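Sequences listed follow chains A and B, in order. Under my numbering, the residues of the first sequence are numbered 2 to 112, in order. Under my numbering, the residues of the second sequence are numbered 340 to 453, in order.
These aren't lab readings, by the way, just hints derived from the structure by calculation. Being a predicted model, the structure only gives us computed values, none of them experimental. Certain hints may be false.
[Said to hold, decoys possible] Here are some, though not all, of the chain B residues that point toward chain A, as calculated from beta-carbon distances under 10 Å:
1) Val343
2) Leu382
3) Tyr443
Quick reminder that beta carbons are idealized off the backbone N, C-alpha and C, glycines included.
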Amino acid sequence: EDQVTQSPEALRLQEGESSSLNCSYTVSGLRGLFWYRQDPGKGPEFLFTLYSAGEEKEKERLKATLTKKESFLHITAPKPEDSATYLCAVQAVWNNNDMRFGAGTRLTVKP
Amino acid sequence: NAGVTQTPKFRVLKTGQSMTLLCAQDMNHEYMYWYRQDPGMGLRLIHYSVGEGTTAKGEVPDGYNVSRLKKQNFLLGLESAAPSQTSVYFCASSYPLRGADTQYFGPGTRLTVL
Chain A
2 EDQVTQSPEA
12 LRLQEGESSS
22 LNCSYTVSGL
32 RGLFWYRQDP
42 GKGPEFLFTL
52 YSAGEEKEKE
62 RLKATLTKKE
72 SFLHITAPKP
82 EDSATYLCAV
92 QAVWNNNDMR
102 FGAGTRLTVK
112 P
Chain B
340 NAGVTQTPKF
350 RVLKTGQSMT
360 LLCAQDMNHE
370 YMYWYRQDPG
380 MGLRLIHYSV
390 GEGTTAKGEV
400 PDGYNVSRLK
410 KQNFLLGLES
420 AAPSQTSVYF
430 CASSYPLRGA
440 DTQYFGPGTR
450 LTVL
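With the hints as extra help, turn the sequences into a complete structure.
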């Protein structure tokens, strides 16, 4: 069965303190791996899609990378406005209508 | 573009009552989805639709029904609400691509069943 595990569950950083969030996955043929940001009381907001091992994508202070077993979301010099829950999800080749989500990492950036 | 909208935003039901959640999208997307999100768990797919007039079961379909009579709308129904259905419900939509389909989410409906 396709599974996604995110770690840590929660992460507290000081402003400017870089770190990484992990997403480990098992899927029977990866169609795509997604990263979303979710603010409290809001719906998930799309950040990145990664399709194959070795691929990297960047947006402002965020960079997502992908291997055959995991993805990392690197946050460089975070700011308080980066505080949110970050969700990882995978979509399998055999079923592009079913996206399996991890439970998320709740990031808090203190000024 | 409003994107994906959901009504209502909040609802409190008593056990056994019924209700319908409405999702609307103005992006002309073919696919639409209903998820539930519970504390400590990832989003779980309830039902989905790949086009007007079609629906299919997701990971946790029991106790829910859906309908897609118009391309832009996707309705989620609870016929007899149970406390276990207390959750935040999200609707999403996507356009089928050769690669992975990016899903775009609505703001959610917080449902409490007493």
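Taking the hints in turn, this is what the structure says about them:
no., hint, result
1, Val343, "holds (8 Å)"
2, Leu382, "holds (4 Å)"
3, Tyr443, "holds (6 Å)"
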